[in-house]
Structures are given as C-alpha cells and as structure tokens.
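Colleague: Sequences listed follow chains H and P, in order. Under the UniProt record's numbering, the residues of the first sequence are numbered 1 to 220, in order. Under the UniProt record's numbering, the residues of the second sequence are numbered 1 to 220, in order.
It is possible that part of the hints are untrue.
Heads up, simulated DSBU-like pairs for lysine-lysine below, C-alpha to C-alpha not over 30 Å straight-line [what the hints assert, rightly or not]:
1) P:105 with H:134
2) P:41 with H:126
3) P:105 with P:166
4) P:198 with H:93
5) H:27 with H:63
6) P:134 with H:54
7) P:126 with P:27
8) P:105 with H:216
9) H:41 with P:41
10) P:105 with H:54
11) H:134 with H:166
12) P:106 with H:215
13) P:54 with H:143
14) P:27 with H:93
It should be emphasised that the hints constitute simulated quantities derived from the structure, not laboratory data.
2 protein chains.
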Amino acid sequence: MANDQVILLDYWPSMFGMRTKMALAEKGVKYEYKETDPWVKTPLLIEMNPIHKKIPVLIHNGKPICESLIQLEYIDEVWSDASPILPSDPYQKSRARFWAEFIDKKFYDPSWKVWATMGEEHAAVKKELLEHFKTLETELGDKPYYGGEVFGYLDIALMGYYSWFKAMEKFGEFSIETEFPILTTWTKRCLERESVVKALADSDRIIEYVYVLRKKFGAA
Amino acid sequence: MANDQVILLDYWPSMFGMRTKMALAEKGVKYEYKETDPWVKTPLLIEMNPIHKKIPVLIHNGKPICESLIQLEYIDEVWSDASPILPSDPYQKSRARFWAEFIDKKFYDPSWKVWATMGEEHAAVKKELLEHFKTLETELGDKPYYGGEVFGYLDIALMGYYSWFKAMEKFGEFSIETEFPILTTWTKRCLERESVVKALADSDRIIEYVYVLRKKFGAA
Numbered sequence: 001m002a003n004d005q006v007i008l009l010d011y012w013p014s015m016f017g018m019r020t021k022m023a024l025a026e027k028g029v030k031y032e033y034k035e036t037d038p039w040v041k042t043p044l045l046i047e048m049n050p051i052h053k054k055i056p057v058l059i060h061n062g063k064p065i066c067e068s069l070i071q072l073e074y075i076d077e078v079w080s081d082a083s084p085i086l087p088s089d090p091y092q093k094s095r096a097r098f099w100a101e102f103i104d105k106k107f108y109d110p111s112w113k114v115w116a117t118m119g120e121e122h123a124a125v126k127k128e129l130l131e132h133f134k135t136l137e138t139e140l141g142d143k144p145y146y147g148g149e150v151f152g153y154l155d156i157a158l159m160g161y162y163s164w165f166k167a168m169e170k171f172g173e174f175s176i177e178t179e180f181p182i183l184t185t186w187t188k189r190c191l192e193r194e195s196v197v198k199a200l201a202d203s204d205r206i207i208e209y210v211y212v213l214r215k216k217f218g219a220a
Numbered sequence: 001m002a003n004d005q006v007i008l009l010d011y012w013p014s015m016f017g018m019r020t021k022m023a024l025a026e027k028g029v030k031y032e033y034k035e036t037d038p039w040v041k042t043p044l045l046i047e048m049n050p051i052h053k054k055i056p057v058l059i060h061n062g063k064p065i066c067e068s069l070i071q072l073e074y075i076d077e078v079w080s081d082a083s084p085i086l087p088s089d090p091y092q093k094s095r096a097r098f099w100a101e102f103i104d105k106k107f108y109d110p111s112w113k114v115w116a117t118m119g120e121e122h123a124a125v126k127k128e129l130l131e132h133f134k135t136l137e138t139e140l141g142d143k144p145y146y147g148g149e150v151f152g153y154l155d156i157a158l159m160g161y162y163s164w165f166k167a168m169e170k171f172g173e174f175s176i177e178t179e180f181p182i183l184t185t186w187t188k189r190c191l192e193r194e195s196v197v198k199a200l201a202d203s204d205r206i207i208e209y210v211y212v213l214r215k216k217f218g219a220a
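All chains, full assembly: derive it from the sequences and hints.
Modeller: Printed below as a string of structure tokens:
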C-alpha cells in the first residue's frame with residue numbers, strides 16, 4: 001500500500017468530504033487534496049464522477065470511488081490493518097448503516113434548509129431539524145460513541161456535519177449545547193481526536209459561506 | 001444457523017421486499033413471511049422500524065434490520081457460506097453500492113411518477129426514466145450480470161423493480177424490449193433463476209394495484 005496513489009477531490013465546506021478526510025486520517029493514509037468547487041464542474045470531476053458530478057471523489061490508483069459513505073466502507077476494507085471504522089458484527093454494522101442513511105436521508109435536508117428558508121417554511125424545517133437532533137441523541141444514549149466504546153463509522157457520518165452546527169444554531173435560533181447536552185458531550189469527545197479536528201472546516205468560515213449561499217438561494 | 005428464526009415483514013408489491021426475498025432465496029434461508037400493508041402501520045411494524053415505519057423489515061432472532069440494501073449486505077455477511085451477493089473486491093463492491101444507490105436515488109422517483117403524473121410533468125418524468133434506463137443499460141454493457149459473470153447485489157437491486165416494468169411501459173407508453181434490448185436480455189437471464197422468479201410479484205397484478213394508487217394520488 002506504500003506506493004498507492006490516493007487523491008481526494010473535495011470542496012472545503014462539504015460535510016461529506018469531511019467524513020472522508022476523517023476516515024483517511026484514522027487510517028493514516030496520505031493523499032493529495034484537490035480543492036474542487038462542485039458548482040464549477042471541472043473536467044476532472046466530470047471524468048471521475050460522470051453520473052452525479054459531485055464531490056467528494058476518492059481516487060485510488062486512478063479508480064474513482066464516489067459518495068462519502070461508500071468511501072468510508074472502501075477505506076475500511078482497503079486499509080483494514082489500522083483502526084476499524086465499521087463494527088465487525090453484522091447486526092451492529094447494519095445499525096450503523098441504517099443511521100448513517102438516516103442522517104443523509106432525513107437530517108441533511110433540514111440541516112441546510114434551516115438557513116435557506118424563511119417564515120412558515122423555516123419554522124417547520126427548524127422543528128424537523130430539532131426532532132432529528134433529538135432522535136440522534138436518543139440513539140447515542142449513554143454510549144461514549146455511536147458504535148459503543150470505539151470511535152467509528154456513525155461518529156464520522158455525523159461529525160462530518162459538525163462544522164455546520166454553528167450555522168444551524170445561528171439561523172435556527174437554538175443552542176445545541178442547551179437542547180442536546182448528551183450530543184454535546186459526544187461532540188467534545190470526538191473533537192479530542194486529531195483526525196476529526198484536522199478534517200473539519202472552521203465554523204465561522206462556514207457561516208460566511210452560508211451568507212453567500214443564502215443570496216444564491218434567494219433567502220436573504 | 002439451523003435454529004435461526006427469520007421473519008420478513010413485507011408487502012407483496014414492494015420492489016424493496018422483492019430484493020430481500022431474492023437474497024434470502026439465493027442463500028437458501030427459510031423464513032416466515034408476514035404480509036404487512038405499510039399504509040396501515042401495524043404495531044409490529046412500528047415496533048420493528050419505529051423511525052421509518054416502512055417495509056421490508058428483516059427480523060433475525062428478534063433483531064430488526066431495515067432498508068432493503070442494508071438487508072442484502074446483512075444477509076450476505078451472516079449467511080456467508082452460500083452464493084456470495086456482493087463482489088469480494090473492495091472497488092467492485094464500491095461500484096455495486098454506487099449503482100444500487102443510483103437506482104434508489106435517481107431511478108425510483110420517475111419509476112413511479114411515470115404512472116402517477118399527467119401532462120407536462122408526465123412528459124418530463126418519462127424522459128428522465130428513459131435516460132436512467134439507458135444509463136443502467138450502459139453500465140451493464142456486455143457483461144452477463146452487473147457484477148460480471150455471477151448474479152449478485154446490483155442484479156438483485158434492479159430486478160426488484162422488474163415486476164413494475166410492465167406498469168412503467170403501459171403508463172409511460174414505451175417498450176423496454178424495443179428501447180433497451182441489452183437490458184432485456186439481462187432481465188431474461190435473471191428470470192432463469194428460481195430465486196428471482198419466486199420473489200417477483202405478477203406484473204398484471206401490479207398494474208391493477210397501480211390503478212388503485214393512481215386514484216389515491218389523484219392521477220386518474
């Protein structure tokens with residue numbers, strides 16, 4: 001694996017890219033990072049992900065792997081000698097996959113609509129977002145990490161969104177620390193890991209970016 | 001595994017349930033089938049899938065596994081001695097997962113909207129559906145099965161929709177056999193398998209069901 005060529009096409013604010021960066025760091029995989037604005041659609045992005053033309057794309061020895069959750073599975077399988085990402089038990093694995101899918105299917109939409117909408121729609125979206133935070137906190141329960149004692153797949157899947165939490169709080173007018181203390185303790189625990197901290201974007205820079213997006217989406 | 005208790009909560013027209021039935025049959029797993037109308041939300045369904053309250057739910061020794069693609073992975077891992085479902089190579093596995101996700105993220109919506117919409121929306125949906133069929137045919141290429149020489153994960157993921165093909169053709173006013181001959185040859189190849197044939201619902205019964213749904217959705 002020493003001569004592997006690993007490239008990550010990613011865009012700095014992407015919660016999905018942050019996941020992949022965490023996983024690569026957990027495994028100690030060195031890679032070349034290529035900043036790729038997904039609004040631009042560079043020839044390399046189109047070549048590597050012709051179907052969705054989205055980042056992140058992980059390119060391993062010339063072969064593209066698309067979609068962040070699929071990348072986590074791939075990274076875990078290929079670099080299997082370092083810290084495992086997915087649980088080894090099939091049932092625990094199915095639960096981790098279920099909740100990661102929940103995050104992208106249910107949590108994702110209100111997580112950005114909370115800063116992109118106004119009025120009645122905003123109120124409905126905020127309510128939904130808070131419900132999903134609650135659900136995710138309940139699923140964590142009193143475990144240190146989602147998978148139990150060890151940081152892994154579902155922690156990565158949700159911590160990918162961490163850089164966006166402050167923007168959600170600002171435009172949603174709520175405090176994660178006040179409303180979800182257990183989840184907050186968990187985020188602090190995850191933030192003790194270098195793999196997590198180094199992968200995350202600065203929360204204030206995300207807020208500046210959100211102002212740009214709000215103009216783009218006509219919400220400001 | 002001989003004393004395993006396996007229950008499948010499923011509803012006969014579900015393309016997702018048909019996938020799981022195919023996978024269980026491929027592995028030779030015996031199970032109890034419990035017909036579960038997802039519009040009704042039985043106490044057992046709510047208990048086993050409290051988040052989405054959707055079928056299919058695979059219950060293995062009392063533990064629920066939700067979401068059909070996650071079930072395929074689970075079945076492949078737990079009953080690993082019989083015919084493999086996923087490719088063993090991590091890159092091929094990532095491709096199979098990518099395309100299965102494409103089917104549910106992109107193909108699914110137009111696959112039902114083609115019989116649930118009218119007028120301009122219908123025309124747009126039909127165009128999209130045909131494009132996705134073309135994309136899926138191109139991905140198959142000249143391979144006998146999606147994974148190569150052996151029937152597996154992505155074949156199951158797409159063949160789950162087969163019982164609905166006739167309804168798509170009828171309300172979309174197109175012929176899969178004429179437009180997508182390579183895909184048609186592949187469906188015929190898959191239909192030679194008992195695991196597939198036994199899992200599928202009758203296409204004409206699906207069309208009758210579509211008439212019921214069209215009334216429900218106000219499209220008739």
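Colleague: Within 30 Å, alpha carbon to alpha carbon, are residue 126 of chain P and residue 27 of chain P?
Modeller: violated, 36 Å
Colleague: Regarding the pair residue 41 of chain H and residue 41 of chain P, is the alpha-carbon distance no greater than 30 Å?
Modeller: Outside the cut-off at roughly 44 Å; violated.
Colleague: With the threshold set at 30 Å, check whether the alpha-carbon distance from residue 105 of chain P to residue 216 of chain H stays at or below it.
Modeller: holds, 25 Å
Colleague: Does residue 134 of chain P pair with residue 54 of chain H here, judged by a C-alpha cut-off of 30 Å?
Modeller: holds, 21 Å
Colleague: Quickly compare the C-alpha distance for residue 41 of chain P and residue 126 of chain H to 30 Å and report which way the hint goes.
Modeller: Given that 30 Å is the threshold and the Cα spacing comes to 26 Å, the pair holds.
Colleague: Measure nothing beyond the straight line between the CA atoms of residue 105 of chain P and residue 134 of chain H; if it is 30 Å or shorter, mark the hint as holding.
Modeller: Roughly 26 Å between the alpha carbons, so the hint for residue 105 of chain P and residue 134 of chain H holds.
Colleague: Keeping to a limit of 30 Å between CA atoms, is the pair of residue 27 of chain H and residue 63 of chain H held or broken?
Modeller: With Cα atoms ~19 Å apart, residue 27 of chain H and residue 63 of chain H stay inside 30 Å; holds.
Colleague: Holds or violated: are the alpha carbons of residue 105 of chain P and residue 166 of chain P at most 30 Å from each other?
Modeller: holds, 21 Å
Colleague: Does the structure keep residue 134 of chain H and residue 166 of chain H at a Cα separation of 30 Å or less?
Modeller: holds, 17 Å
Colleague: Between residue 198 of chain P and residue 93 of chain H, does the CA-CA distance stay at or below 30 Å?
Modeller: The given pair, whose Cα atoms are some 29 Å apart, holds under the 30 Å limit.
Colleague: Taking only the CA atoms, is the gap from residue 105 of chain P to residue 54 of chain H under or equal to 30 Å?
Modeller: Roughly 14 Å separates the two Cα atoms, so the pair holds.
Colleague: Take a quick look at whether residue 27 of chain P and residue 93 of chain H sit within 30 Å of each other, Cα to Cα.
Modeller: With Cα atoms ~20 Å apart, residue 27 of chain P and residue 93 of chain H stay inside 30 Å; holds.
Hints 7 and 9 from the list above are not met by this structure, while the remaining hints are.
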